[in-house]
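With chain R fixed as given, assemble chain Y with the ligand onto it according to the hints.
Here are the chains, one letter per residue:
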Amino acid sequence: MINVSKIKKGIVIDHIAQGQGYKIFSQLKLDEIEDVVVLLRNIPSNKMGKKDLIKIETEIPLDLTVLGLIDPNITINIIKDGLRVDKIKLTLPLKVTGILKCKNPRCITQHEKVKDVEFILADAASRIYRCEYCDSHTSL
Amino acid sequence: MKNIKHLIEPGDFTIEELDSLFRLADAIIADPNKYLDRCKGKLLASLFFEPSTRTRFSFESAMLRLGGQIIGFDDPAASSTSKGESLADTIRTVGCYADIAVLRHPREGTAKLASKYSEDMPVINAGDGGHQHPTQTLTDLMTIRHYKKRLDGHVIAICGDLKFGRTIHSLVKAMSRYEGVRFIFISPEELRMPSYILEGLDESTYMQTDQLESVIHEADILYMSRVQRERFVSEEEYERLKNYYILDKEKLTGAKDDMIVMHPLPRVNEICEEVDDDPRAVYFHQARFGMFIRMALILRLLNMEVEQ
Ligand SMILES: [Zn+2]
Numbered sequence: 001m002i003n004v005s006k007i008k009k010g011i012v013i014d015h016i017a018q019g020q021g022y023k024i025f026s027q028l029k030l031d032e033i034e035d036v037v038v039l040l041r042n043i044p045s046n047k048m049g050k051k052d053l054i055k056i057e058t059e060i061p062l063d064l065t066v067l068g069l070i071d072p073n074i075t076i077n078i079i080k081d082g083l084r085v086d087k088i089k090l091t092l093p094l095k096v097t098g099i100l101k102c103k104n105p106r107c108i109t110q111h112e113k114v115k116d117v118e119f120i121l122a123d124a125a126s127r128i129y130r131c132e133y134c135d136s137h138t139s140l
Numbered sequence: 001m002k003n004i005k006h007l008i009e010p011g012d013f014t015i016e017e018l019d020s021l022f023r024l025a026d027a028i029i030a031d032p033n034k035y036l037d038r039c040k041g042k043l044l045a046s047l048f049f050e051p052s053t054r055t056r057f058s059f060e061s062a063m064l065r066l067g068g069q070i071i072g073f074d075d076p077a078a079s080s081t082s083k084g085e086s087l088a089d090t091i092r093t094v095g096c097y098a099d100i101a102v103l104r105h106p107r108e109g110t111a112k113l114a115s116k117y118s119e120d121m122p123v124i125n126a127g128d129g130g131h132q133h134p135t136q137t138l139t140d141l142m143t144i145r146h147y148k149k150r151l152d153g154h155v156i157a158i159c160g161d162l163k164f165g166r167t168i169h170s171l172v173k174a175m176s177r178y179e180g181v182r183f184i185f186i187s188p189e190e191l192r193m194p195s196y197i198l199e200g201l202d203e204s205t206y207m208q209t210d211q212l213e214s215v216i217h218e219a220d221i222l223y224m225s226r227v228q229r230e231r232f233v234s235e236e237e238y239e240r241l242k243n244y245y246i247l248d249k250e251k252l253t254g255a256k257d258d259m260i261v262m263h264p265l266p267r268v269n270e271i272c273e274e275v276d277d278d279p280r281a282v283y284f285h286q287a288r289f290g291m292f293i294r295m296a297l298i299l300r301l302l303n304m305e306v307e308q
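These protein sequence lines map, in sequence, to chains R and Y.
Heads up, the first sequence is in the numbering used here, so the first residue is 1 and it goes up one at a time.
Heads up, the second sequence is in the numbering used here, so the first residue is 1 and it goes up one at a time.
Misleading hints may appear alongside valid ones.
[As the list claims (entries may be wrong)] Okay, derived cross-link-like pairs now, DSSO-like style, lysine-lysine, Cα gap no bigger than 30 Å in a straight line:
{"#": "1", "chain 1": "Y", "residue 1": "5", "chain 2": "R", "residue 2": "29"}
{"#": "2", "chain 1": "Y", "residue 1": "116", "chain 2": "Y", "residue 2": "42"}
{"#": "3", "chain 1": "R", "residue 1": "101", "chain 2": "Y", "residue 2": "42"}
{"#": "4", "chain 1": "R", "residue 1": "89", "chain 2": "R", "residue 2": "23"}
{"#": "5", "chain 1": "R", "residue 1": "101", "chain 2": "Y", "residue 2": "83"}
{"#": "6", "chain 1": "R", "residue 1": "50", "chain 2": "R", "residue 2": "8"}
{"#": "7", "chain 1": "R", "residue 1": "9", "chain 2": "R", "residue 2": "87"}
{"#": "8", "chain 1": "R", "residue 1": "50", "chain 2": "R", "residue 2": "115"}
{"#": "9", "chain 1": "R", "residue 1": "95", "chain 2": "Y", "residue 2": "173"}
{"#": "10", "chain 1": "Y", "residue 1": "5", "chain 2": "R", "residue 2": "115"}
{"#": "11", "chain 1": "Y", "residue 1": "34", "chain 2": "Y", "residue 2": "5"}
{"#": "12", "chain 1": "R", "residue 1": "29", "chain 2": "R", "residue 2": "8"}
{"#": "13", "chain 1": "R", "residue 1": "95", "chain 2": "Y", "residue 2": "42"}
{"#": "14", "chain 1": "R", "residue 1": "29", "chain 2": "R", "residue 2": "113"}
{"#": "15", "chain 1": "R", "residue 1": "9", "chain 2": "R", "residue 2": "47"}
{"#": "16", "chain 1": "R", "residue 1": "101", "chain 2": "Y", "residue 2": "34"}
{"#": "17", "chain 1": "Y", "residue 1": "163", "chain 2": "Y", "residue 2": "173"}
{"#": "18", "chain 1": "R", "residue 1": "9", "chain 2": "R", "residue 2": "89"}
{"#": "19", "chain 1": "R", "residue 1": "115", "chain 2": "Y", "residue 2": "116"}
{"#": "20", "chain 1": "Y", "residue 1": "173", "chain 2": "R", "residue 2": "103"}
{"#": "21", "chain 1": "R", "residue 1": "113", "chain 2": "Y", "residue 2": "5"}
{"#": "22", "chain 1": "Y", "residue 1": "34", "chain 2": "R", "residue 2": "95"}
{"#": "23", "chain 1": "R", "residue 1": "50", "chain 2": "R", "residue 2": "23"}
{"#": "24", "chain 1": "R", "residue 1": "113", "chain 2": "Y", "residue 2": "34"}
{"#": "25", "chain 1": "Y", "residue 1": "5", "chain 2": "R", "residue 2": "103"}
{"#": "26", "chain 1": "R", "residue 1": "113", "chain 2": "R", "residue 2": "8"}
{"#": "27", "chain 1": "R", "residue 1": "115", "chain 2": "R", "residue 2": "95"}
{"#": "28", "chain 1": "Y", "residue 1": "163", "chain 2": "R", "residue 2": "101"}
{"#": "29", "chain 1": "R", "residue 1": "103", "chain 2": "Y", "residue 2": "42"}
{"#": "30", "chain 1": "R", "residue 1": "115", "chain 2": "Y", "residue 2": "34"}
{"#": "31", "chain 1": "R", "residue 1": "103", "chain 2": "Y", "residue 2": "163"}
{"#": "32", "chain 1": "Y", "residue 1": "116", "chain 2": "R", "residue 2": "113"}
{"#": "33", "chain 1": "Y", "residue 1": "83", "chain 2": "R", "residue 2": "103"}
{"#": "34", "chain 1": "R", "residue 1": "47", "chain 2": "R", "residue 2": "89"}
{"#": "35", "chain 1": "Y", "residue 1": "116", "chain 2": "R", "residue 2": "101"}
{"#": "36", "chain 1": "R", "residue 1": "87", "chain 2": "R", "residue 2": "6"}
[To be verified] For each label pair, taking beta carbons as the anchor points, the in silico distance ranges come out as:
{"#": "37", "chain 1": "Y", "residue 1": "189", "chain 2": "R", "residue 2": "33", "range": "56 to 62 Å"}
{"#": "38", "chain 1": "Y", "residue 1": "196", "chain 2": "R", "residue 2": "32", "range": "38 to 44 Å"}
{"#": "39", "chain 1": "R", "residue 1": "101", "chain 2": "Y", "residue 2": "213", "range": "46 to 52 Å"}
{"#": "40", "chain 1": "Y", "residue 1": "229", "chain 2": "R", "residue 2": "33", "range": "54 to 60 Å"}
No wet-lab data here; the hints were simulated from the structure.
Bear in mind that the values here come from a model prediction, so they are computed numbers and not experimental data.
Note that the Cβ used here is the ideal one computed from N, Cα and C, for glycine as well.
This is chain R alone, in the form it adopts within the complex (with noise of 0.2 Å):
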């Protein structure tokens, strides 16, 4: 197994399912910051059979809430002296833009290049989303 060091100060992000790695790469933009950034994808795991990982060796506060839309059960740590100094427990974002797309096919969006659309949680127990434009719900 490939061996990466332990990071001094930064960010886990742990037990992301198998192959939703990336997307979390790409949706927290890290290929656009200069900090070491590691993504480890098909880790063995005994509870999760194989997992994904990202390591990011950074002193910039990351927005990490959309995570918890993408996946609740995945655990945030930050790492400070190479010790583990807090453990973020994820919950829905009350608002997202970038992830959900809206699904009402007579929606502005659907026809107008629109950025940034903005999603607002409507019902957290069913993680379901209202489109700020048609006011339709959607979810991931």
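Chain Y with the ligand only, in chain R's frame:
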């Protein structure tokens, strides 16, 4: 960015703002001549990406009665959008000429999108597909307020196609903001109020029935609606349900003397012509209130008439 206000959905105005708008409309009704040139030199852009003669006449009459002028189109083929221009570019260009824009579009959410590109020109939603039509709602509220003197404490019976009626959903949402309002929803099983509308209401404030005769005596307002052919899969289904509720003189005998009968028009056959002469029938006057409330709205959004 300047602090301009748009009207995209009825909820964009607080109850207080609505009330102030209604008072302005009252003042216009009381002395329309006073407002004849309030909007002199102002230009309204009437952007109808689908035709709607009724709504367009109402807005254009409102602007002309305020002394303003109008540019626009009501045939999408004549607009530059048909040449592939984006909505954003159309709105920015129109914003160079006009002081206020009225927008009708078949796609849902278009007015909201347009408002995001409009930096100093207020945008009024004149209908975005089956989504919102806030000035229709204002017209309904203005009519109720005029005849019943207030908006709270009424029993509103709504009859007909409750499932697909955008006008009705919007009216229910708007009226549910007022204290003591109760609803009676009258429709056949197939055309009942959708659950997402009912979920927004306190359960003690509404009842559902398929009998108009047995509840009409309770109503302060009877809102009739049209069953639209295009909503049905089969012609037989439409023919059967279209005739389900027809208001005639006979049924009206059970109603209160001061009840009012409303209808967004055009009607098909939901209200018999014999009802037209009944003093309770106010549906032909609604369009007048629609024009006055649009006059008030234009003045308010242009900041021409501040709170009095
Ligand atoms: Zn939408």
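Against the structure, the hints come out as follows:
no., hint, verdict
1, Y:5 x R:29, "violated, 35 Å"
2, Y:116 x Y:42, "holds, 22 Å"
3, R:101 x Y:42, "violated, 40 Å"
4, R:89 x R:23, "holds, 20 Å"
5, R:101 x Y:83, "holds, 27 Å"
6, R:50 x R:8, "holds, 25 Å"
7, R:9 x R:87, "holds, 14 Å"
8, R:50 x R:115, "violated, 35 Å"
9, R:95 x Y:173, "holds, 23 Å"
10, Y:5 x R:115, "holds, 22 Å"
11, Y:34 x Y:5, "holds, 25 Å"
12, R:29 x R:8, "holds, 22 Å"
13, R:95 x Y:42, "violated, 39 Å"
14, R:29 x R:113, "holds, 21 Å"
15, R:9 x R:47, "holds, 26 Å"
16, R:101 x Y:34, "violated, 50 Å"
17, Y:163 x Y:173, "holds, 14 Å"
18, R:9 x R:89, "holds, 19 Å"
19, R:115 x Y:116, "holds, 12 Å"
20, Y:173 x R:103, "holds, 24 Å"
21, R:113 x Y:5, "holds, 24 Å"
22, Y:34 x R:95, "violated, 47 Å"
23, R:50 x R:23, "holds, 16 Å"
24, R:113 x Y:34, "violated, 45 Å"
25, Y:5 x R:103, "holds, 29 Å"
26, R:113 x R:8, "violated, 42 Å"
27, R:115 x R:95, "holds, 15 Å"
28, Y:163 x R:101, "holds, 26 Å"
29, R:103 x Y:42, "violated, 40 Å"
30, R:115 x Y:34, "violated, 45 Å"
31, R:103 x Y:163, "holds, 21 Å"
32, Y:116 x R:113, "holds, 13 Å"
33, Y:83 x R:103, "holds, 26 Å"
34, R:47 x R:89, "holds, 18 Å"
35, Y:116 x R:101, "holds, 19 Å"
36, R:87 x R:6, "holds, 16 Å"
37, Y:189 x R:33: 56 to 62 Å, "holds, 57 Å"
38, Y:196 x R:32: 38 to 44 Å, "holds, 39 Å"
39, R:101 x Y:213: 46 to 52 Å, "holds, 48 Å"
40, Y:229 x R:33: 54 to 60 Å, "holds, 57 Å"
Of the numbered hints given earlier, the model fails hints 1, 3, 8, 13, 16, 22, 24, 26, 29 and 30; all others are met.
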